[in-house]
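If you're matching them up, the sequences are chains A, B and C in order. Oh and the first sequence: position 205 is 205 in the working numbering, straight run, nothing missing. Oh and the second sequence: position 82 is 1082 in the working numbering, straight run, nothing missing. Oh and the third sequence: position 225 is 2225 in the working numbering, straight run, nothing missing.
Because the hints were derived from the structure by calculation, they are not lab data. You may find that some hints are simply not true.
[Unchecked claim] FRET-style restraints, in silico, Cβ to Cβ:
id, chain 1, residue 1, chain 2, residue 2, range
1, A, Tyr-24, B, Ile-1038, 24 to 34 Å
2, C, Glu-2278, A, Ile-271, 39 to 49 Å
3, B, Ala-1210, C, Pro-2140, 10 to 20 Å
Each residue gets a CB set at the ideal place from its N, CA and C atoms; glycine is no exception.
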Amino acid sequence: MIKDITSFTTGSARIAFKGGPTFYAWIGFLGIVCLWGLAAWWNQFQHGLITTNMRDQVSWAFYIGNFTFLVGVAAAAVMLVIPAYIYNWKPIKEIAIFGELLAVSAIVMSMLFVFVDVGRPDRVWQLMPIIGTPNLPSSLLGWDVMVLNGYLVLNLIIVVHLLYTGFHKRPYNRKFVVPLLLFSIPAAVGIHTVTAFVYAGTAARPFWNSAILAPRFLASAFCSGPAILLILFQILQRTTHIKIKDEAIWKIAELMAYAMFLNLFLFGAEIFREYYSNTHHLIHTQYLYSGVHGHDALVPYAWASLICSVAAFLLFLIPATRTHLVTLNLGCVLIFAGVYIEKGMALVIPGMTPDTLGEFYEYVPTLNEVRIGAGIFAIGFLVFTLLCKMAIPILRDPDSGKAA
Amino acid sequence: MERPTGSDLVNSDQEKLLPGSSSLAILLIVFLSISMLILFSIVRGGVGHVAEGDGGRQAFGPAEISGVEFDGELLPGIEEATTGPDQGEFLVPPPPWSESGYFPCTECHADLDLNPEPRVLEEMHDDIELNHGPSDRWCLDCHNPDDRDVLRLINGRLITFDESYLLCGQCHGTIFRDWRQGIHGRRQGYWNGGKSYLLCAHCHDPHAPAFHAITPLPPPVRPQFLARTAQEEAQEAPHE
Amino acid sequence: MSEKSFDRRTLLVSAGLSTMAGISAAASGKSTGWVERLLKRRFVELSDARREEILTELEEACRVKYGRDDITVTDTPALDGVEFAYGLDLSRCVGCRRCVYSCVHENNQSRDPQIQWIRVLEMKKDHGIDFAESNVYYDPDEVPEPDSFYVPVACQQCRQPACTKVCPVKATWQEPDGIVVIDSDWCLGCRCCMSACPYGARHFNWTEPRIATEEINPDTHIFGNRLRPNGVVEKCTFCIHRTRKGRYPACVEICPVGARKFGNLLDEAGEMRYLMREKRVFVLKEELNTRPRFYYFYAT
């Protein structure tokens, strides 16, 4: 048993780090970005969060926006298992495993974003039950940390089990994996809902305090998560033996069109309520889409996000563009950009601008923040690359368990 | 429709480069570079601009402010009024002009003839601007004509300047009541014990009681300028 | 892979910081071991003896850092039968900001970068109370300006605080006398409370707070005006170090127009109850149901 584990560890590590020049170039690039970000984090650690452009007026911004976006990616990657089951796509194990791997990497990134956002990183252990003092059940961030960690552990268990059995050319334990896999689907909905509640529960910020925030989060996540996977599947199709049927890809694109429709519909409902009722709370939406008193830093991004989303929706809706490789990929990139802007900038920042006392402080990130963000993304990509690298050859063996 | 399917790309080489013609690779590169460009242009743009001449560029602390006594001492006797035998008494500092050289008024007025006629004062008290209620208000409405060291209520009762609030309270009844309850005016000391009040005349010039405008202390520093000093420091110390 | 580095980094950081914190213990000669220090608990959960030890350590740390040996750190508890409340007379306030600087003087806020707990909002008379139209940076030669009135805002010491329930680590709570306090030694710096506060009353130490040694107010309370570290949130505590000993808050005493009132809400004969009986009071953003203990009123 112990021998099995050590051989698995060393074996998969060997696989993970074995590769050609392109692979090493990619890893090297990520490593450099990591170090670049780490240096920026060290600067922030020494001088405090004053190295960011966050202030009392806008006290959450770039980091928390990225955190939110990545929780969405993590949730959606696993939710993709649902249609995979329903439509019985053939390489379902592959789709599930890559979804889980993406989820693991995205959760790691999102937790790192929370880590760099707190003022006292030396005290994060206080969030843990038993050793710390989590303020449950009342604190939603407390819940969020719990469910994210739980979700990470859950996905790691599934992935490690599949890879471990695959490595030893044993069939995986269906009675063990399938319930966990099924459980991870509501868990995925759960993490994003709790994350949405962190915002939606804040009565002081009317821009966030909306009942449809959680559904909007889920809808937009269901666009951005699969967008990454679609691109990944194409890369895998070309560079490995793994065959993912084109029909599956088109079907995912079609589902993304529906999700994007839902997202746009919910967005429209929100916009209607804001503009028709025209209360004081409208000012945040106005700041985002038209600017207020000459404060208009976010306006171009808000419109860019909306245009990207609508364009991608149309591309995915029309069968001809959905099945054409160029427009399909264009749609993926547009969706990714649209949702990233929507979550990363257009959710957190306008919620805080103007602040609760009506002051306008136009936040934009500092270079230091962007560097830390890039570093975290590099770490995430590194994790994902290495995990995929381990998974691909193990999955290659046709004897390594039969998928549902 | 041209699209490479899985079967077109049968290869076992995992490290094979993406086909150069791949729309995907081009798109990803274009996307990455555009987003990088946008991000850096945002960062270079810096935070929102502050119009020239707007306040809040500099951080002031209490130490830089003169003319305001932040370390004000309590009146002596407050502690006794809290716990001692005089518990519950309100202390009042001496009335204004007590030590200005004017008081006692009888020093001059005892030898002067009484002139009840309203007129422009030229020899003495010409600094007093009388702007208090009806236009026919005159000094002797409040100051006792026979002994200028005391004030005179409407009912003829004579009071010292220490009790001037009784005089004001004749007209300003609700404010007088609020003042006695501690709702009007400034008080210092113990919320659950001895405290000192100010007399009406400490804050309101009885001859022209409207409050005068005062200079505000400096505005807070704007978020755009909060980090100025810290950033300078960070630039001085070369990181890594 | 990355979780490992994450954990290791956290461990390294906490180990490093606990070593730094250990310096103060070494200086004070206490027997508390590093294990106990690492597994520290919230101040309110500790035994009286351990609390006493921590207060002494804090005083010692001030001595080392600022070179002053007259700084005392107390943990004066809430008085029985007391619930504090505050009144602010908007018809009197002239917007002179004396209270803002008196508060800074009293509560040891960082001077640069500047932290101020009271924000005085200038509002236009033809708009009425309207936060969206308010201006906190007004700087005329003289106040009040004829077309303006002024609304000072600090912590409203809500009965149903939005800030305390969102704290993920129980680092902020409401005391029996109604004061909402923060444990600066437990605050994570996640700033959830700043998002949740509808009054902008919470302020963050974006870097190491800076205050000149001679400007420090040596009379401090562990949940109030004690010297704070980098990366934690702070707020108005009704001058907890003064009011729990019976004194008025600093802002009440400095106000040149006597617009600020303070007292015990449970005292029928007290000035707060009189005020609420005789005047018509209102609270800010009542629709959020935070139920502040900070009442605004117009005396005339």
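Now the hints, each set against the structure:
For the pair Tyr-24 (chain A) and Ile-1038 (chain B), the supplied restraint of 24 to 34 Å holds, since their beta-carbon distance comes to about 30 Å. At about 47 Å, the beta-carbon gap between Glu-2278 (chain C) and Ile-271 (chain A) stays in the expected band of 39 to 49 Å. Our hint of 10 to 20 Å for Ala-1210 (chain B) and Pro-2140 (chain C) holds, since their Cβ atoms are close to 18 Å apart.
Checked against the numbered hints given earlier, this structure breaks none of them.
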